[in-house]
Amino acid sequence: MTTILTCTLKNLPSTSKWALRFPVRLLSCSSQLRAAPAGQTKSKKTLAKPNVRNIVVVDGVRTPFLQSGTSYKDLMPHDLARAALTGLLHQTSVPKEVVDYIIFGTVIQEVKTSNVAREAALGAGFSDKTPAHTVTMACISANQAMTTGVGLIASGQCDVIVAGGVELMSDVPIRHSRKMRKMMLDLNKAKTLGQRLSLISKFRLNFLSPELPAVAEFSTSETMGHSADRLAAAFAVSRLEQDEYALRSHSLAKKAQDEGLLSDVIPFKVPGKDTVTKDNGIRPSSLEQMAKLKPAFIKPYGTVTAANSSFLTDGASAMLIMAEEKALAMGYKPKAYLRDFVYVSQDPKDQLLLGPTYATPKVLEKAGLTMNDIDAYEFHEAFSGQILANFKAMDSDWFAQNYMGRKTKVGTPPLEKFNNWGGSLSLGHPFGATGCRLVMAAANRLRKEGGQYGLVAACAAGGQGHAMIVEAYSK
Amino acid sequence: MVASRAIGSLSRFPACRILRSRGYICRNFTGSSALLTRTHINYGVKGDVAVIRINSPNSKVNTLNKELHSEFMEVMNEIWASDKIRSAVLISSKPGCFIAGADINMLAACKTPQEVTQISQDAQKTFEKLEKSTKPIVAAINGSCLGGGLELAISCQYRIATKDRKTVLGAPEVLLGILPGAGGTQRLPKMVGVPAAFDMMLTGRNIRADRAKKMGLVDQLVEPLGPGLKPPEERTIEYLEEVAVTFAKGLADKKISPKRDKGLVEKLTAYAMTIPFVRQQIYKKVEEKVRKQTKGLYPAPLKIIDVVKTGIEQGNIAGYLSESQKFGELAMTKESKALMGLYHGQVLCKKNKFGAPQKDVKHLAILGAGLMGAGIAQVSVDKGLKTILKDAAITGLGRGQQQVFKGLNDKVKKKALTSFERDAIFSNLTGQLDYQGFEKADMVIEAVFEDLTLKHKVLKEVEAVIPDHCVFASNTSALPICEIASVSKRPEKVIGMHYFSPVDKMQLLEIITTEKTSKDTTASAVAVGLKQGKVIIVVKDGPGFYTTRCLAPMMSEVIRILQEGVDPKKLDSLTTSFGFPVGAATLVDEVGVDVAKHVAEDLGKTFGERFAGGSLELLQQMVSKGFLGRKSGKGFYIYQEGVKDKNLNSDMDSIFASLKVPPKSEVSSDEDIQYRLVTRFVNESVMCLQEGILATPAEGDIGAVFGLGFPPCLGGPFRFLDLYGAQKIVDRLRRYEDAYGKQFTPCQLLIDHANSPNKKFYQ
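Top line first, the protein sequences correspond to chains A and B.
Per the UniProt record's numbering, the very first residue in the first sequence carries number 1; after that it's consecutive.
Per the UniProt record's numbering, the very first residue in the second sequence carries number 1; after that it's consecutive.
Here chain A stands alone, though its shape is the one from the complex (with noise of 0.2 Å):
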């Protein structure tokens, strides 16, 4: 998360010309090439439960991903989630006193607007009558905003809910130390001069050496680029595999952008600068290039470089999500229903980033679907080790075994199904707004492929993990 504070793209050249003509490469892994038979049916028809309300995605955008201390940096994290929510309202047309609730998720957040989300909505022009709440879990909150709201049109409390998520990465709290900080609070409460004086006499000068957001897990005091190098490292990750992966992102986010198939971004008019219309963090390089850098993390042998890490993003994304029924009577045509999801965890130090692993086949079974079931795979990329580790985890029968209780290997995703228009490595990662970018991605895809089922998954700080079906919307 906050760990890529340390590991910017600057490093990497510019975008050259020539290295679109690379042709994307296939991982040198080609075990884990299965293409599905063509033609083949789904082992099930639909994920629609009797008794259970369908919940659809009427619509989805996002703010253009930019790098953090780009266009966005004079900006407050509210601005960007009014920006995603102005334009959902836009998109979709819909009549603000029809939206039951409204949830964002964000993860560092601004102490001005602890809860974004209420800001951002008056702001946006949403009725002062909707509730809003913000949620936070790491790199899978908007994961979170979204199925919490699918919890609430579920069990019926809600009809139509707005979920999103926001990062500004271009400004953090930063704060006095807890000496100084005290030291204030205490002035505060002093009575007389000679108190005041008192408290003023124990003044050292490093109170004033500040307080950075945590940029390491506060369990284990490491930072995630790290653990994500020691699990390249374990699951024998090697810097080409991940230099290779990080080129295929950036190539497909590329080759999406151009021919206009990231639909959901819209134009954000910057305050005091130009329009912004697309993502600026798209940037294929050649492995030539790429090799040049050092490693960010384990010095100097490490493998996870800021090539091949997900860069700091300042954006948001928000989404409009009803019961289907409500979509319907509406006249809207939904893009997908939003099906079984599982969240998970486990050891924050040596599997921080394997919630896929542990996720995709939770969601699966509980589908009752099988890998060979997904048109679309919507994987958040934290790392291109952290891709490629989760990858050889799923492969592997003796982790299935001895981690995971499970009999055999997972399996890994086919790779042509999978982060097809590029991901969090290319087009940026805010870490609160993501989830709604994997969930309309995978939406999209199915839309413009022809599958039917998607599936996203995520890890996140803390050693947690989500994965969530979506259904591609037929009728």
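Rather than coming from a laboratory, the hints here were simulated on the basis of the structure.
One thing to keep in mind: the hints can contain errors.
Straight line, CA to CA, 27 Å or less: simulated DSS-like cross-link-like pairs of lysine-lysine [to be verified]:
1. A/Lys-299 <-> B/Lys-255
2. B/Lys-414 <-> A/Lys-202
3. A/Lys-179 <-> B/Lys-406
Since we're looking at a predicted model, the values are computed, not measured.
Model the placement of chain B on the given structure of chain A, informed by the hints.
Quick look at chain B alone, frame taken from chain A:
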């Protein structure tokens, strides 16, 4: 306590660790012709890098012995001769151990200093060859790298260590009364600077990998890995090897420099050390400090200083010569034999000879949140035992909980724990006033006040709530366990577990079994004690068991000596200069005057005249005046918070005056006073063995040294008798017997040993 702590760190010797040894399969050999089967060492070639893997058979650790040494030389000669090999990696295939040190038995087998010197010189030669190797050698260290292992590693051109808790580097030779005899005294000062090298060699402390990196002892760190496609330990060693191979290649290609960038402080220190005057001052200062701490009782530290000095002032050749000669001399000293004996004893007392208990203790309950109870809780929660701490009052309970928290928090301050780990560990502790949850307890340890009726009361209360399999252990220092067990419904489940205060610092646990205690109960108590990190002696029930019983006659003599007009400060200095870590008068204050009185009264009644000597009246008067020792602020000394040099309690003068007895001049020299104390102690120890309270002399030595502070340089009462001669002690006892009577009558077993000089406690 310094000496006992120094010895204490012996417990960190890797031999005591429980290691998982996994079959490790060596992969990726290209030059299979190099795969000759050797016993300790294997090597393969990766590209142009030779990977030398050490794996001594049938052992959890690798130790440097003659076979390993010769195999290693064979392999190195092949590597040096091969055109295809340009560099080498030295690694152990055992998780948790690089090389744990030289084989102690190899030294013990030597009869003359010359033999030992020869061993040292052979090793020096080998390591010099390594140091001068034109093909760079990288030591890849995972696990303990101690003694000779460290000396081997620092002879290599480059060192890479895993940043694992098990990875420690150190020169613990001093704890065995010897010195690093394979070039360590010469290389370490050059590598980490003279002050740091002295610190390592004189304290023998273990250095964790991250600190070793800062000191310049290792060049790179490798993070331990979690599970991947193989078990974590296995993959971590593989990864370490992979990283080491890339560095070996880099060194051979001259892409990586083995020289380290030194920080400003280091550069300044290095510069200062070039000034002869500064060097002299450092030698002087270190020597003063060592003399003060060892009281001249331990020869090894001074010789270490001497050898380092020779090397720096007169050059390498003189240094190596001096090192090997002093090594030979030291290995023959009584001190070294005593310390090595303690090491062996400790290894023995770290094993559960009663086998595995039927049911593992997972839930522990402790009654009484006093100093002892909380101390026991502290050493239990951090080993993952779910622990209930029960007290009768909320204030007492709160104090106990705070004690546990403080103990853990101090570890956080020393960076041995993270604050998160502290919190997770602390949540293993439940503080309560009632018996809720006792129905799940596998063992209850009571640490309530030393009063038989009270102990009976809690035993009955507890037995009403605990499950059938639950063990009831009593932490008492003197009450016979059979008397406590007399009201039990199930005496086979009752046992004594005598901890020593402060529990987190004192390593000894004395376990007391009655006639009725079942073997499984004993096994269970030993298992818990081992889990708590204790060194364990198991003794038979009897008044005062072993430790308290040996201490009591000595304490009685302390009182008599004080009555004879020796002031407490003088007495303290006499006892510490004999090698006791704490002075005798201070010890009474630390233990608590009321406790001492209690024990003296109890045991006095049982053993009669043999335990007499000093007048009990002295302790009684002190208790009535509230001079209970450190805990009440006053005893023989006055204790004030934050005051380091304690003053004598002048109010004691009137008590001393009222009880004064005239000293007997023929047995009152300084030496006689020391021996009056020690001989009574030793005589009682032997009597415990004679009566079967003690099972083995080794346990007697460990108990005396680790529980009571018997001088470690003497190795414990039994080793002391073996090394210095039983006859001498009997002669002294007879002389004191003439002056004072029965208290000094030597026991039969001791007389037997004196009569036949070939008879030894340790054969």
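What hints, given by number in increasing order, does this structure fail? none
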